[in-house]
Every structure is written in structure tokens, then in C-alpha cells.
Amino acid sequence: MSLFIGALIFAGLLLYAGVRFLLLPTVMKNQATSPVTYSWLIACLFLSALFGIHCFYYIAHYFIISADNAELFSGNMTLYLMTGAAALLVMPFLQQKSLTVQSGVIFAFCFAGSTFVSAPNGINAWLFYALFALVWTGVILFYTILDRIPLISFVINSAVMIVLALASSSFFQMLPLELLPLYLSALFVHLFIFLFMKKTDWPFEFFPVVFLMNWIIGYAFLTFASQGSILYLPIFFGYPLMEFCLVAGALLLKKQTGMLFAVEQAFIRRAPVKIVIKKVFYTVILLGFIGLAGIKSSQTTTQYKWVVYGMALIILYNFYITLTRNMTKVSLRSTVQDIMMGFKTLLTVGQSWVEKAPEAVLKAEKQHSEKSVQPVQEKTAPERVSKSAGKTKKKKSTRVRGEKLKK
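Sequential numbering from 0 applies to the sequence shown in numbering that gives the first Met the number 0.
These are computed hints drawn from the structure, not numbers from a lab. Only a predicted model underlies this, so the values are computations on that prediction, with no experimental measurement involved. Each statement offered as a hint is correct.
With a Cα cut of at most 25 Å, we get these calculated BS3-like pairs of lysine-lysine:
(1) K197 / K277
(2) K28 / K198
(3) K197 / K28
(4) K273 / K197
(5) K273 / K198
(6) K198 / K277
Listed next, with one range per pair, are the computed distances between beta-carbon atoms:
(7) Y316 / V35: 30 to 38 Å
(8) T25 / G227: 43 to 51 Å
(9) C244 / S117: 27 to 35 Å
(10) C244 / K28: 39 to 47 Å
(11) T323 / C54: 48 to 56 Å
(12) T77 / L250: 37 to 45 Å
(13) L93 / K197: 24 to 32 Å
(14) Y316 / C54: 41 to 49 Å
(15) Y316 / L250: 18 to 26 Å
(16) F193 / T36: 15 to 23 Å
(17) L250 / W305: 28 to 36 Å
Backbone N, C-alpha and C fix where the C-beta goes; we use that ideal spot for every residue, glycine too.
Full structure from sequences and hints, please.
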């Protein structure tokens, strides 16, 4: 592991030097250049750093006999990353093309990348590859749309990679161990993107980096799908699915003409940016752990699927309610306070219902007794007398009841 950390630091320093002393000065001088172009260059440097870590690790492991024997990348994973590298090299030629052409090319690469993992049992392999490529193309395109919100793509991708790195560790053992160096390396290198975003005042990753990050993340979900854990994969994308459903519902109901995500609406209400970003990060992390819990439980039984999805919905509902309020702080304590407030509201409603229930019963009995009284009795017994008689009888019964208690 020490050799891997050394390779990681070496490649990270190379990437830092390339971004700091080559890419950033070029950006500052050529302000007219499209940000997508620089995003493409960062993506290429990103992928080069990953392969640099692999090469450094392999060479050092060859000469150092006492080094750890674990492979950094498997063969299929290396071919998968090389397919992503080919996609990055094609992207500059797609900038002026239509959305249909761009989507078709992305689908072709996603289809080719999905073939590096075996299909799960009980489903046709080519059908599985086509469906996964179609879904993954939609995820990449929707993440590209979400990237218009400052720092959202960076936060989501970092949170998901943290979850996947833990899933591939020896503690969870839910993914192959060789995936751990990949996601640790990707997370480490991904943090350098924040340096570029901060220096250039572009708090966005843009399409090339969004594609590369989702390409790397997609290999883990392909592995989960090949293991038969398809049922719980949507939980990992709970936040983007929530945004998609809210926007689609608003457009279908014609409540708004443009697409405004929940986070954007929070920013319009002048919610603190730092707090919103933290809330998104915590939500994605929690959903990732819930998804891992669902996959772990599916190895023995599927009876907990509704419980797992119910927990995910509670997290998303709490996230949405928090965005619609004036947020002051984000912490576990505030989340617990929101849950307790919900319980108190339910108890208050229930208590008021219980208090009003006897009055409703008495009112119903009174109406029933009035209907059962004969018309002759109604004429001979005036309303004032009948009420006073009822009151007198009620007091007598109370006094007798009190005397019995004293005895």
C-alpha cells in the first residue's frame, strides 16, 4: 500500500504542475477560448495521471521485490479506461454536432464499455449491454445539464467516488479489491480540478470532465449490475432522480416554462451556497450508504427492499424540505430536529383528533336522540325546560358518583 501511495503522490504532483504552470497561464492569457476546450484538456490530464500512476506502480513493483503484490488495475479495467480515453479524443470533433449525433456517439462508447463486464444471469447479454448503455447515456446527459449549477457536479462525483472506494475496500468487500486503487486515485486527482475551478472562477466541470468522471464511476455500477444487484442502483442516483422528477412534473403541469432545479430555486431565495453544497454532499453520501445496505441485504433476502427505498425517500424528502426553507446550518443535529419536528406535528394532529373525538361522539348521539323523540313529546316539552332538565340530571349523577367515591 505504501508503494501505491507513493505512486499516487507522484502522479498528483505531475498533474498539479501541469495544471498550475501550463494550463492555468494559458487560460489567463486566452480569455476567448471556450471553457469546454480547457475541460477537455483537464480530462486528458486526468486520465493521463491515472495511467501514470499505473505505470509508476508497475515499474516500481518490478524493481522492488518487497513491494505489495496487489495489481493496481485489472485487464478489463485497463481496456475500459482506454475506451474512455478514445471517447475523450473524439469529443473535440463533436462540439459543433447536433445533440442527436453526440448522444449516438456517447451511446456507442457506453455500449462498447459495458461489454468488458459479464452480463448477469437470466438476461440476454446484448440486451443488458444495450439497456445499460442507454441508461448510462441518459445519466451522463442529465449530469451535464446539472453541471450548470455551481459545484454540483464536483460535489456529486466526489461523494459517489468516496462511497465506491469504501465499497471496494476490505472492510465492505462488495466490489473487487483492485477497484480500490482506481477510485482512490480518481478521487485524489479529482480534487485538483477544484484548483482549476477556483483559479479561473469557473465553478463547473463541463461536459468532458463530467463524461470522464461518470465513465470511471460507471465501471463500479457495471460490476454491481453483473452481480445481479440492479434493483438498488437507482438509490445511488436519488438526488438527480429527484431533480428530474420535480422538473418533469413542473413542466407537465405547466407550472413553469423553464427548468429550475430545487437547488437553483434555493439559490434564488438567497440560501447560503456553502450550506446548500454541504447538504447535497451529505445527501449523496447517505443515499450511497443506503444503496450499499440494500445491495448487502439482497445477498440473503429481498424482503427489505421497501425498507431501503423508504429510507431513501425519507432522506430525499428531508433534503427537499430543507431546500424550501431558510437554511441556517447543516448538520446531523438539524436533520434529527427536522425528523423530531415531523413527529411532533403528527402527535399534535393526533392529540387534537383524540380530544375532538368525544365531542363528535356526543354530538352524534344527541342528533340521534333528537331524531328518535316523538313529535308529541317535542311539543309538550319546551326547549328551555328540556335543556334545564338535562342539566339538572347531569349534576345529580355527578354528585352521586362523587359520594360513592368518598365511601
